[in-house]
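> Sequence:
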Amino acid sequence: MSEGLFGIHGAALEIRSQRMGLLGSNIANAATPGYKARDIDFGAALQARVRGADSDDAATTATRYRIPVMSSLDGNTVEMGVEQTAFAENAVAYTATLNFLRGRIETVTRAIRGE
Numbered sequence: 001m002s003e004g005l006f007g008i009h010g011a012a013l014e015i016r017s018q019r020m021g022l023l024g025s026n027i028a029n030a031a032t033p034g035y036k037a038r039d040i041d042f043g044a045a046l047q048a049r050v051r052g053a054d055s056d057d058a059a060t061t062a063t064r065y066r067i068p069v070m071s072s073l074d075g076n077t078v079e080m081g082v083e084q085t086a087f088a089e090n091a092v093a094y095t096a097t098l099n100f101l102r103g104r105i106e107t108v109t110r111a112i113r114g115e
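Quick note on numbering: the UniProt record's numbering labels position 52 of the sequence shown as 52, and the sequence is numbered without any gaps.
Hints listed in this document are in silico derivations from the structure and should not be mistaken for laboratory results. Ideal Cβ placement from N, Cα and C applies to all residues, glycine included. Each hint should be verified, as a subset may be incorrect.
Said to hold, decoys possible - Derived CB-CB ranges, DEER-like:
no.: 1; residue 1: E106; residue 2: T60; range: 28 to 36 Å
no.: 2; residue 1: R113; residue 2: A30; range: 44 to 52 Å
no.: 3; residue 1: H9; residue 2: D56; range: 16 to 24 Å
no.: 4; residue 1: G34; residue 2: E115; range: 51 to 59 Å
no.: 5; residue 1: V50; residue 2: L98; range: 15 to 23 Å
no.: 6; residue 1: A88; residue 2: D41; range: 15 to 23 Å
no.: 7; residue 1: L73; residue 2: V108; range: 49 to 57 Å
All chains should be modelled from the sequences, with the hints used to inform the complete structure.
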């Protein structure tokens, strides 16, 4: 029922949540020598979910290593500006999706109450 009620927005919220964790991990490991920054290709992950993959498999298959603009001498590929921007953009998209779902739930709740 939730699939029909929320469409792809429930899946989008799960993927955005997983991406938030991965970007946070990148930021936390900015000073770790040899750490390779990764990101989830949101579009690819969402397509995998629409085709029937569960959220973990979809996120795993859509995870890509980030190619740095400026290489680090210690092999770390985290660039704080890039990571912080991606994190902020993902947070805004996550909030927008969450607000859409909240509105949908409120509409269904009002319909059930007969308002």
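> None of the hints should be skipped; say for each whether it holds.
Results for each hint:
A hinted range of 28 to 36 Å for the beta carbons of E106 and T60 is consistent with their spacing of about 34 Å. At about 49 Å, the CB distance of R113 to A30 agrees with the hint of 44 to 52 Å. Against the hinted window of 16 to 24 Å, the Cβ-Cβ separation of H9 and D56 comes to about 18 Å, which satisfies the hint. Range check, G34 to E115: about 58 Å between beta-carbon atoms, so the 51 to 59 Å window is met.
V50 and L98 have their C-beta atoms about 20 Å apart, which keeps the hinted 15 to 23 Å range intact. Judged by the Cβ atoms, the range 15 to 23 Å given for A88 and D41 holds: they are separated by roughly 18 Å. A beta carbon spacing of about 55 Å between L73 and V108 agrees with the range 49 to 57 Å that was offered as a hint.
Of the numbered hints listed earlier, not one is contradicted by the structure.
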